[in-house]
Amino acid sequence: MKIAVPIKFVPDLVEELNIDSSGAALDTSWLRLIINEFDDHAIEQAILLKERGGAEVTIICAEGDGVDDILFNAAAKGADQLVKLMGSDAAMMNSHATARVLADFFKEIQPDLILTGVQAHNDLDGSVGALLAEYLGMPYVGYVAGVTAASGSVIARKEYPGGIIGEMEVKLPAVLGIQAAEQPPRYVAYSKINQVSKTVKIEERAISDLDSSGGATVGRMFKPEPAQRAEIIEGSPEEVADRMVGIFKELGVM
Amino acid sequence: MEITLSPLSPSISKTFYSSLHELKDGERIRKCLQCGTCSGVCPFGYYMKYPPGKIIGTLRAGVFDLVTKTDSIWMCVSCSACSAFCPTQIPITQALMTRVKEEMILAGSVPAELQTAFKNSQQYGNPLGESPRKRADWATGIQPEVNILGKTKQPVDVLWFVGDYASYHPRMIPVTKSFAKILNVLGIKFGILGPEESSDGDSQRLAGERGIFEMLAKKNGQAFKKYQFREIITTDPHAYNALKNEYPALGISYPVRHFTEFLFERLDQIKPLLKKEVKTKIAYHDPCYLGRVNGIYDAPREILKSIPGVELVEMAHQFSNSLCCGGGGGGMWLDGFQWERAHVRLSEWRVKEALECGADLLAVACPYEPPRFEDATKTVPNANQLKVREIAELLAESMDL
Ligand code: SF4
Ligand code: SF4
Numbered sequence: 001m002k003i004a005v006p007i008k009f010v011p012d013l014v015e016e017l018n019i020d021s022s023g024a025a026l027d028t029s030w031l032r033l034i035i036n037e038f039d040d041h042a043i044e045q046a047i048l049l050k051e052r053g054g055a056e057v058t059i060i061c062a063e064g065d066g067v068d069d070i071l072f073n074a075a076a077k078g079a080d081q082l083v084k085l086m087g088s089d090a091a092m093m094n095s096h097a098t099a100r101v102l103a104d105f106f107k108e109i110q111p112d113l114i115l116t117g118v119q120a121h122n123d124l125d126g127s128v129g130a131l132l133a134e135y136l137g138m139p140y141v142g143y144v145a146g147v148t149a150a151s152g153s154v155i156a157r158k159e160y161p162g163g164i165i166g167e168m169e170v171k172l173p174a175v176l177g178i179q180a181a182e183q184p185p186r187y188v189a190y191s192k193i194n195q196v197s198k199t200v201k202i203e204e205r206a207i208s209d210l211d212s213s214g215g216a217t218v219g220r221m222f223k224p225e226p227a228q229r230a231e232i233i234e235g236s237p238e239e240v241a242d243r244m245v246g247i248f249k250e251l252g253v254m
Numbered sequence: 255m256e257i258t259l260s261p262l263s264p265s266i267s268k269t270f271y272s273s274l275h276e277l278k279d280g281e282r283i284r285k286c287l288q289c290g291t292c293s294g295v296c297p298f299g300y301y302m303k304y305p306p307g308k309i310i311g312t313l314r315a316g317v318f319d320l321v322t323k324t325d326s327i328w329m330c331v332s333c334s335a336c337s338a339f340c341p342t343q344i345p346i347t348q349a350l351m352t353r354v355k356e357e358m359i360l361a362g363s364v365p366a367e368l369q370t371a372f373k374n375s376q377q378y379g380n381p382l383g384e385s386p387r388k389r390a391d392w393a394t395g396i397q398p399e400v401n402i403l404g405k406t407k408q409p410v411d412v413l414w415f416v417g418d419y420a421s422y423h424p425r426m427i428p429v430t431k432s433f434a435k436i437l438n439v440l441g442i443k444f445g446i447l448g449p450e451e452s453s454d455g456d457s458q459r460l461a462g463e464r465g466i467f468e469m470l471a472k473k474n475g476q477a478f479k480k481y482q483f484r485e486i487i488t489t490d491p492h493a494y495n496a497l498k499n500e501y502p503a504l505g506i507s508y509p510v511r512h513f514t515e516f517l518f519e520r521l522d523q524i525k526p527l528l529k530k531e532v533k534t535k536i537a538y539h540d541p542c543y544l545g546r547v548n549g550i551y552d553a554p555r556e557i558l559k560s561i562p563g564v565e566l567v568e569m570a571h572q573f574s575n576s577l578c579c580g581g582g583g584g585g586m587w588l589d590g591f592q593w594e595r596a597h598v599r600l601s602e603w604r605v606k607e608a609l610e611c612g613a614d615l616l617a618v619a620c621p622y623e624p625p626r627f628e629d630a631t632k633t634v635p636n637a638n639q640l641k642v643r644e645i646a647e648l649l650a651e652s653m654d655l
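Chains as they are written, first to last, in our numbering: chain A, 1 to 254; chain B, 255 to 655.
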């Protein structure tokens, strides 16, 4: 089975996020990027499938800071091919543009199964998985939390509200949006990643034109603004605690 | 307790055993008497399914995989007590326990809590997962301003390696500020690396992640090279140990002192500044990597004794027989894991010892300890009166800074 896992990078919330002068995007000069958590789970799920029944796993990511490290990390876990998409203009890479670029690539390499993170926190503009499935004419199941290979199909496990779990058979080729792998993404020793980075090659593929049409345009980006009745309490922990006790007393709950 | 190794697991017993002999003094492992002293002095020896002597037994019998099938090794806090008391002087902590952890990590068996600390160290250069850009934020408000070398590029006498917990931990920030103020009062021309400083990596190394240790050390080495200074001082015994004993093998070699040695040398200058009485009975806790591993026992005690009003008392475990706070060798990041298994915390044991010897203050000299011991005073019965203070904090108090 050929499994492809397209991954992407998202802003790391460890750093404060600032809005740039346009007022409609994040200031990228202070941005630190990390792998989208759901994509990390998609990689883990792909490796688990490989370990259980054999598979050839390809990881695909648009170029950027830290991308090589993440690709090597995936290779140290067991991924077979690493592909970096070159010439991707970050500002243009919304879900639609990404899905179109990936669809072209997948038509060429013809994977049996495409696993992608079901969503990302930076771009709620429709998930890449569903768009990909549309462009490739494949079935799509999202919010998947476990995959088992069967012959010519996979069984996808999906969680529903209220603790109900559904299992559905999906004919291959197919796209699955992964919410969680069956186990947390594994840890690989740093020395192993290092070793891999010396022996494994990252294939670079140029992408020609980006078509981001169909996506949402951001009109204004802003930090949450306190509503009129909200009081933001500032000061040291002690001062804040004192003020809160005062408020609770005023409200008669204490 | 049983865990399975992933298929990444190397075929261990024989190759592993002979690889140990190649380490410094590693051939001494052949001389193990199977006396059990190591498990006797080990603070978790009673709990470990495979304490050091028993691990050596499995290696000799060619059944080392028995060890790797358990998670017993993650109870080792790298306190070096076994190494200090082994009658055949086997460097157990370095040449056995750390190596077993490395092997477990290569095989992919790493407790989840520890993975987080490793991933953070890889990604942010500190195990706490804090923003590296904010590494010098603690210094805000200190006057005269703390010299961040990347900004001022001025040559200094002393490069202060601040370390992870001293830079970021909310309990440690006031201590770190205190030390900066002391250096200012003493007129020391010092600087810090700030955002260019990475974790010293010592605890990651002792927890078995040698790759991360080397990566971090190289980063620090590159930062050191950019600036002019005469020596490095540090408030962190693990940073001290790494800089003194581990970095030179990687070609990073600078004179380094723990801050207690540095201040001890200036005690004549410090004494007249200690104006305020700190009337208290103090028990001093020897950090493993300051005392047992690096032989610094007197400087911290002499500094404490110079504070007017202080009476020094000793706990049951002291000097080379000191008891680990539980934070070493990855223990800092295995708190839940170890608690789930042993239902004791070494920090609580230590707090009980401080109470038993009549101390009303536990003095420490390592940034892992104030948060660990202070937490323990909240859970040990009748311990809430026991204060926990770092030496720099006590000095600053007496100097009225
Ligand atoms: S103390 Fe030393 S000689 Fe005795 S069992 Fe332990 S390792 Fe062997
Ligand atoms: S280093 Fe400390 S915790 Fe580890 S085995 Fe030796 S005595 Fe036990």
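No lab work stands behind these hints, which were simulated from the structure alone.
Fair warning: there could be bad hints in the mix.
Think about it this way: if two alpha-carbon atoms lie no more than 20 Å apart in a straight line, the pair counts; the simulated EDC-like pairs of lysine to aspartate or glutamate are [to be verified]:
hint : chain 1 : residue 1 : chain 2 : residue 2
1    : A       : 192       : B       : 468
2    : B       : 278       : B       : 565
3    : B       : 373       : A       : 12
Please work out if residue 278 of chain B and residue 565 of chain B have their alpha carbons no farther apart than 20 Å. Judged against 20 Å, a Cα distance of about 41 Å means the pair is violated.
Are the Cα positions of residue 192 of chain A and residue 468 of chain B separated by 20 Å at most? Satisfied, since the Cα-Cα distance of roughly 13 Å is no more than 20 Å.
Given the hinted pair residue 373 of chain B and residue 12 of chain A, is their Cα-Cα distance within 20 Å? Judged against 20 Å, a Cα distance of about 14 Å means the pair holds.
Of the numbered hints given earlier, the model fails hint 2 alone.
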